[in-house]
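**Q** First to last, the sequence lines map onto chains A and B.
The numbers in the first sequence follow my numbering, run straight up by one, and end at 120.
The numbers in the second sequence follow my numbering, run straight up by one, and end at 106.
Hint data in this document are derived by calculation from the structure and do not stem from the laboratory.
Mixed in with the good hints there might be a few duds.
[As the list claims (entries may be wrong)] With a straight-line Cα cutoff of 27 Å, these simulated BS3-like cross-link-like pairs (lysine-lysine) come out:
{"no.": "1", "chain 1": "B", "residue 1": "K94", "chain 2": "A", "residue 2": "K5"}
{"no.": "2", "chain 1": "A", "residue 1": "K45", "chain 2": "A", "residue 2": "K77"}
{"no.": "3", "chain 1": "A", "residue 1": "K59", "chain 2": "B", "residue 2": "K94"}
{"no.": "4", "chain 1": "B", "residue 1": "K106", "chain 2": "A", "residue 2": "K5"}
{"no.": "5", "chain 1": "A", "residue 1": "K5", "chain 2": "A", "residue 2": "K77"}
{"no.": "6", "chain 1": "A", "residue 1": "K5", "chain 2": "B", "residue 2": "K42"}
{"no.": "7", "chain 1": "A", "residue 1": "K59", "chain 2": "A", "residue 2": "K5"}
{"no.": "8", "chain 1": "B", "residue 1": "K106", "chain 2": "A", "residue 2": "K45"}
{"no.": "9", "chain 1": "B", "residue 1": "K42", "chain 2": "A", "residue 2": "K77"}
{"no.": "10", "chain 1": "B", "residue 1": "K42", "chain 2": "A", "residue 2": "K45"}
{"no.": "11", "chain 1": "B", "residue 1": "K102", "chain 2": "A", "residue 2": "K45"}
{"no.": "12", "chain 1": "A", "residue 1": "K45", "chain 2": "B", "residue 2": "K94"}
{"no.": "13", "chain 1": "B", "residue 1": "K94", "chain 2": "A", "residue 2": "K66"}
{"no.": "14", "chain 1": "B", "residue 1": "K39", "chain 2": "A", "residue 2": "K45"}
{"no.": "15", "chain 1": "B", "residue 1": "K39", "chain 2": "B", "residue 2": "K102"}
{"no.": "16", "chain 1": "B", "residue 1": "K39", "chain 2": "B", "residue 2": "K106"}
{"no.": "17", "chain 1": "A", "residue 1": "K45", "chain 2": "A", "residue 2": "K5"}
[What the hints assert, rightly or not] Distance ranges between label pairs, derived from CB positions:
{"no.": "18", "chain 1": "B", "residue 1": "S30", "chain 2": "A", "residue 2": "S119", "range": "39 to 49 Å"}
{"no.": "19", "chain 1": "B", "residue 1": "R61", "chain 2": "A", "residue 2": "S28", "range": "32 to 42 Å"}
{"no.": "20", "chain 1": "A", "residue 1": "S120", "chain 2": "B", "residue 2": "R61", "range": "43 to 53 Å"}
{"no.": "21", "chain 1": "B", "residue 1": "T20", "chain 2": "A", "residue 2": "S120", "range": "39 to 49 Å"}
{"no.": "22", "chain 1": "B", "residue 1": "S76", "chain 2": "A", "residue 2": "T17", "range": "40 to 50 Å"}
{"no.": "23", "chain 1": "A", "residue 1": "S120", "chain 2": "B", "residue 2": "S67", "range": "28 to 38 Å"}
{"no.": "24", "chain 1": "A", "residue 1": "D74", "chain 2": "B", "residue 2": "T20", "range": "36 to 46 Å"}
{"no.": "25", "chain 1": "B", "residue 1": "T53", "chain 2": "A", "residue 2": "S120", "range": "42 to 52 Å"}
{"no.": "26", "chain 1": "B", "residue 1": "S56", "chain 2": "A", "residue 2": "Q112", "range": "13 to 23 Å"}
{"no.": "27", "chain 1": "B", "residue 1": "A80", "chain 2": "A", "residue 2": "T17", "range": "39 to 49 Å"}
{"no.": "28", "chain 1": "A", "residue 1": "S28", "chain 2": "B", "residue 2": "T53", "range": "19 to 29 Å"}
{"no.": "29", "chain 1": "B", "residue 1": "L11", "chain 2": "A", "residue 2": "S72", "range": "39 to 49 Å"}
{"no.": "30", "chain 1": "B", "residue 1": "L11", "chain 2": "A", "residue 2": "S76", "range": "41 to 51 Å"}
{"no.": "31", "chain 1": "A", "residue 1": "S76", "chain 2": "B", "residue 2": "A13", "range": "48 to 58 Å"}
[As the list claims (entries may be wrong)] Reference listing, derived: stretches of chain A covered by chain B, where coverage requires no fewer than 3 residues with Cβ under 8 Å from a Cβ of chain B:
{"no.": "32", "segment": "47-54"}
{"no.": "33", "segment": "60-67"}
{"no.": "34", "segment": "110-118"}
Using N, Cα and C, we set each Cβ at its ideal position, and we do this for glycine too.
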Amino acid sequence: QVTLKESGPVLVRPTETLTLTCTVSGFSLSSGRMGVSWIRQPPGKALEWLAHIFSDDEKSYSPSLKSRLTISKDTSKSQVVLTMTNMDPVDTATYYCARIIQFSDYFDYWGQGTLVTVSS
Amino acid sequence: DIQMTQSPSSLSASVGDRVTITCRASESISNYLNWYQQKPGKAPNLLIHTSSTLQSGVPSRFSGSGSGTHFTLTISSLQAEDFATYFCQQSYSKPAFGQGTKVEIK
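Chain A extracted, bound-state conformation (with noise of 0.2 Å):
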């Protein structure tokens, strides 16, 4: 059974840096064509892809985005790691982890998603 799960902060004040944790069950970061990708959705609005990891540590993210960015993963853990620096209230969102399938780049499972606050 594939799961993922989110954990992380729900409030961070402005300019501070994010750090978000995904931690996955029933497949594999090591091996596989499948990964991780990071997917975002402020209240009421669209959903924005920001960044993906996968088994062969190939990493791409969002361009309007990839300067505060960083991926990474830790295979013993299960575990995916997104940090994004300089954190302003437009980046409040839900922020979801997902499973990504290499080439086709479709979305199969998602976490629950979690609730990130921007506010002084």
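Here the structure of chain A is known, so what remains is to put chain B in place on it, guided by the hints.
**A** Same frame as chain A, now just chain B:
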């Protein structure tokens, strides 16, 4: 960047209606188009990938078609549990989503 535009933004329909949602890409994406359903407070759920392949467990009343820049998601007979927001997503280049179509009860 490839832009995805969905239409309509919202629609009202009744149980049993045939519903069609359109997604257009700003340039050709071959058949790299995926559809998701999202209910309030929940994560999106994959319905269809690569334009027309039904994801395992998804009812057969959902279907997808299209290639190039024009794609459609069709619900052949709307059920009560289908009232939700639907998003398209292109996977030809870096992933990008449409703005969503909310299907409401008429």
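**Q** Now, for every hint given, state plainly whether the structure supports it.
**A** Now the hints, each set against the structure:
1. B:K94 <-> A:K5: Roughly 23 Å between the alpha carbons, so the hint for K94 (chain B) and K5 (chain A) holds.
2. A:K45 <-> A:K77: Judged against 27 Å, a Cα distance of about 33 Å means the pair is violated.
3. A:K59 <-> B:K94: Within the cut-off at roughly 11 Å; holds.
4. B:K106 <-> A:K5: violated, 36 Å
5. A:K5 <-> A:K77: holds, 13 Å
6. A:K5 <-> B:K42: holds, 13 Å
7. A:K59 <-> A:K5: Satisfied, since the Cα-Cα distance of roughly 20 Å is no more than 27 Å.
8. B:K106 <-> A:K45: holds, 22 Å
9. B:K42 <-> A:K77: holds, 26 Å
10. B:K42 <-> A:K45: With a Cα-Cα distance of about 14 Å, the restraint between K42 (chain B) and K45 (chain A) holds, given a limit of 27 Å.
11. B:K102 <-> A:K45: holds, 11 Å
12. A:K45 <-> B:K94: holds, 20 Å
13. B:K94 <-> A:K66: Distance of about 12 Å is within 27 Å: holds.
14. B:K39 <-> A:K45: holds, 13 Å
15. B:K39 <-> B:K102: holds, 10 Å
16. B:K39 <-> B:K106: holds, 17 Å
17. A:K45 <-> A:K5: holds, 22 Å
18. B:S30 <-> A:S119: 39 to 49 Å: Since the Cβ atoms of S30 (chain B) and S119 (chain A) sit about 42 Å apart, the hinted range of 39 to 49 Å holds.
19. B:R61 <-> A:S28: 32 to 42 Å: holds, 34 Å
20. A:S120 <-> B:R61: 43 to 53 Å: At 48 Å between Cβs, range holds.
21. B:T20 <-> A:S120: 39 to 49 Å: holds, 46 Å
22. B:S76 <-> A:T17: 40 to 50 Å: holds, 48 Å
23. A:S120 <-> B:S67: 28 to 38 Å: violated, 48 Å
24. A:D74 <-> B:T20: 36 to 46 Å: holds, 44 Å
25. B:T53 <-> A:S120: 42 to 52 Å: 46 Å Cβ-Cβ, so the 42 to 52 Å window holds.
26. B:S56 <-> A:Q112: 13 to 23 Å: Taking Cβ atoms as reference, S56 (chain B) and Q112 (chain A) lie about 20 Å apart, which means the hint holds.
27. B:A80 <-> A:T17: 39 to 49 Å: The hint (39 to 49 Å, Cβ to Cβ) holds, given that A80 (chain B) and T17 (chain A) are roughly 44 Å apart.
28. A:S28 <-> B:T53: 19 to 29 Å: Given range 19 to 29 Å: holds, Cβ gap about 24 Å.
29. B:L11 <-> A:S72: 39 to 49 Å: holds, 42 Å
30. B:L11 <-> A:S76: 41 to 51 Å: At 48 Å between Cβs, range holds.
31. A:S76 <-> B:A13: 48 to 58 Å: At 49 Å between Cβs, range holds.
32. 47-54: holds (count 4)
33. 60-67: The restraint on the segment 60-67 of chain A holds, since 3 of its residues have a Cβ under 8 Å from chain B and three suffice.
34. 110-118: Three-residue rule met by the segment 110-118 of chain A, so holds; n is 4.
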